[in-house]
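> Now for the letters of each chain:
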Amino acid sequence: MPSSNIARSAAPPIARLIEAFHRLPGIGPKSAQRLTYHLIRMPEEEANEFASAILGVKEKIVLCNICANISEGEECAICSDLQRDQTRICVVEEPLDVIAIERANVYSGQYHVLHGIISPVNGIGPKDLKLRELISRLQNGNVEEIIIATSPNLEGDATAMYIQKLIGPSGISITRLARGLPSGSDIEYADDSTLAHALESRTEIPQSPSDQSD
Amino acid sequence: MTSKRPFTYTTDAVVLRISNLGEADRIVTLIAPVHGLIRGVAKSARKPNSKLGGHLDLFRHVIVSIRETRSLHGLSQVSTVNGFRGLRDNLQRFSHAAYVSELSERFSVESGANRPLFQLLINVLESLETTTNQEMVVRFFEMRLLQLNGFAPELSKCVETGVELEPNNHFYSPDRGGLIHNNYQSSGEAAVLPASLNTIKLLRFLSKTDITQAGNLKAKESDIRQLSRILREQIHHVLDRRLRSEPFMDEVRTRHNSNQISK
Chain A
1 MPSSNIARSA
11 APPIARLIEA
21 FHRLPGIGPK
31 SAQRLTYHLI
41 RMPEEEANEF
51 ASAILGVKEK
61 IVLCNICANI
71 SEGEECAICS
81 DLQRDQTRIC
91 VVEEPLDVIA
101 IERANVYSGQ
111 YHVLHGIISP
121 VNGIGPKDLK
131 LRELISRLQN
141 GNVEEIIIAT
151 SPNLEGDATA
161 MYIQKLIGPS
171 GISITRLARG
181 LPSGSDIEYA
191 DDSTLAHALE
201 SRTEIPQSPS
211 DQSD
Chain B
1001 MTSKRPFTYT
1011 TDAVVLRISN
1021 LGEADRIVTL
1031 IAPVHGLIRG
1041 VAKSARKPNS
1051 KLGGHLDLFR
1061 HVIVSIRETR
1071 SLHGLSQVST
1081 VNGFRGLRDN
1091 LQRFSHAAYV
1101 SELSERFSVE
1111 SGANRPLFQL
1121 LINVLESLET
1131 TTNQEMVVRF
1141 FEMRLLQLNG
1151 FAPELSKCVE
1161 TGVELEPNNH
1171 FYSPDRGGLI
1181 HNNYQSSGEA
1191 AVLPASLNTI
1201 KLLRFLSKTD
1211 ITQAGNLKAK
1221 ESDIRQLSRI
1231 LREQIHHVLD
1241 RRLRSEPFMD
1251 EVRTRHNSNQ
1261 ISK
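Going down the list, the protein sequences come from chains A and B. Under the numbering used here, the letters of the first sequence match residues 1 to 214, in that order. Under the numbering used here, the letters of the second sequence match residues 1001 to 1263, in that order.
For reference, chain B alone in the conformation it holds in the complex:
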């Protein structure tokens, strides 16, 4: 039996997506701890004098009044809790925020309470504002997102044979959702990814740590690349799609690394 919610309610939310509607309105997609994904219309939000427009910008943590309707809800009385200004003046932080924001949307449903995901998103956006290790914060987000949604990677036993894995280089299977012993012969049906001993240690560490420790974690570039590939392929497998924000994030990272774009 579903509980009947009030017609109008006020909630904390984070703005995940914005698009224009008509002459001056905006369609805003929000994520809220109890109500999950909310799609609503902010009337006249594009006009300079709008009381809503300034608050309803991407990645903002806001308090908003929602008037429920059968299709798009009405948004009003918005105030900002945290504008995450640190994401505003750095292209790499912005690209990572866009990625975690899109992931949060893909793993959420309307009217589906998900307080842990909401809190995780807030924590990661806060961390992305200041951390010097954005890469590892994003990897932490991916790992925790998989765990919260019941797709925690199997990192101690071989997902093919069930035997405990000895400390060594192995493989990772996104299809099976975990590590596979290094003597596994691929049948060609399912792709497996290389997972070095260091990468496996990073995966295990991320699966148990908190965001502060993840942000302090240092690793070799090659291991980070491998870790990133494993987690991303796992997410692609779960979602059965690639994310729209990935190409931009990769481009900014590449340019940043080659000092073409640096902050």
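This is chain A alone, in the form it adopts within the complex:
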């Protein structure tokens, strides 16, 4: 481990913390040191709060029994909210995707978190995803639409295809998030697949009320 040399020359508790930070995703040896020394300078109260927040996450957070999203109780806030549309389920890869879609503030249905994506080259198959739980959710007959919101890449497409083949015979409507050119991008740099999807999913420009009155 690259941080080992630095960690070895530090006092053992500091070295332990540097190593712990270094194990986190996206944290290199330098960042691990910076975070450690920031914590050392932190007031004791703040440090205790930080430590108890980490412990709290490990002790209190479980997976929702219904949608497999991370939750504080057996059912997450979204699943227990009866005001939300119970007939639509948006299938996402990770809990962070739920936050992203909720941030858009345009969807009021339910979610289902797969906790991964079919990735044969990384040894992740359908059995490693929360697909069985999704199928059992459909047994009550309330669900009218499944919105597949997997990433717009080959593995996301394969996962969507697999779900479609699995659920298709049940007669439930299966949709996928639209895909095409992102806002603010240049057509010049778009790849063939994105352009093809954008062209296939093109929409008519609605006439504005001012044009109609002319």
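These are computed hints drawn from the structure, not numbers from a lab. A few of these clues could be false.
[Unchecked claim] On the chain A side, residues computed to face chain B include the following (Cβ under 10 Å):
1) A11
2) I27
3) P29
4) Q33
5) H115
6) S119
7) P126
8) G141
9) E144
10) I147
11) Y162
12) P182
13) L199
Every residue, glycine too, gets a C-beta built ideally from N, C-alpha and C.
Here the structure of chain A is known, so what remains is to put chain B in place on it, guided by the hints.
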């Protein structure tokens, strides 16, 4: 003496593997004709506005600029040569592409030029997009891969005795890398697989044919199963491991055959 390569170069490559790094970066494993396996970072490739993300998807044939560093190289200025769109809307084609892609990675090394393997991979991905005989195209890939890497199966003589084999049912030994005469008594040390006369003919045909003819080859399901087992066991023996993409490929095939998943 090793030749000193330029610090930055542009190359053809096929994307074999992708994983996430940090908040928005991707680690991409590529195979290139001259530079072999390349592991590089595509900065911010996961962001919607990224100029790289759309091009650096699995199995894509791209032209990419590589900036060499001591660990992960930097990837930039990517453009697509062939996106193999036919692999995108069919689960079975996707599973086969994943298998040949993983095999290409396992049989390659960093900085190890392997132009024939690169060309073979491109040809097989192109064929998998449209062929109605994916199974035989994949078997062709396995056979050619073994040949390119010096593990061509011995298909005319018994690997135990060296005598020419008469047209008959025989055995195949992955340990010895070839056919064994049907009067061979297994000592129990090394496993041998049954190889029917038809399977032996298929093996010999695949060892000499091209991808177009392989794609047109028709055979009985039982012979294809036997052929598949022999080639796969041979590859497992060479690599000393099973491939991660095999269970998914087998599951999709089983479901496809039983019409649970069909395209």
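> Taking the earlier hints as the rules, which of them does this structure contradict?
Of the numbered hints given earlier, those the structure breaks are 1, 3, 4, 5, 8, 9, 10 and 13, listed in rising order.
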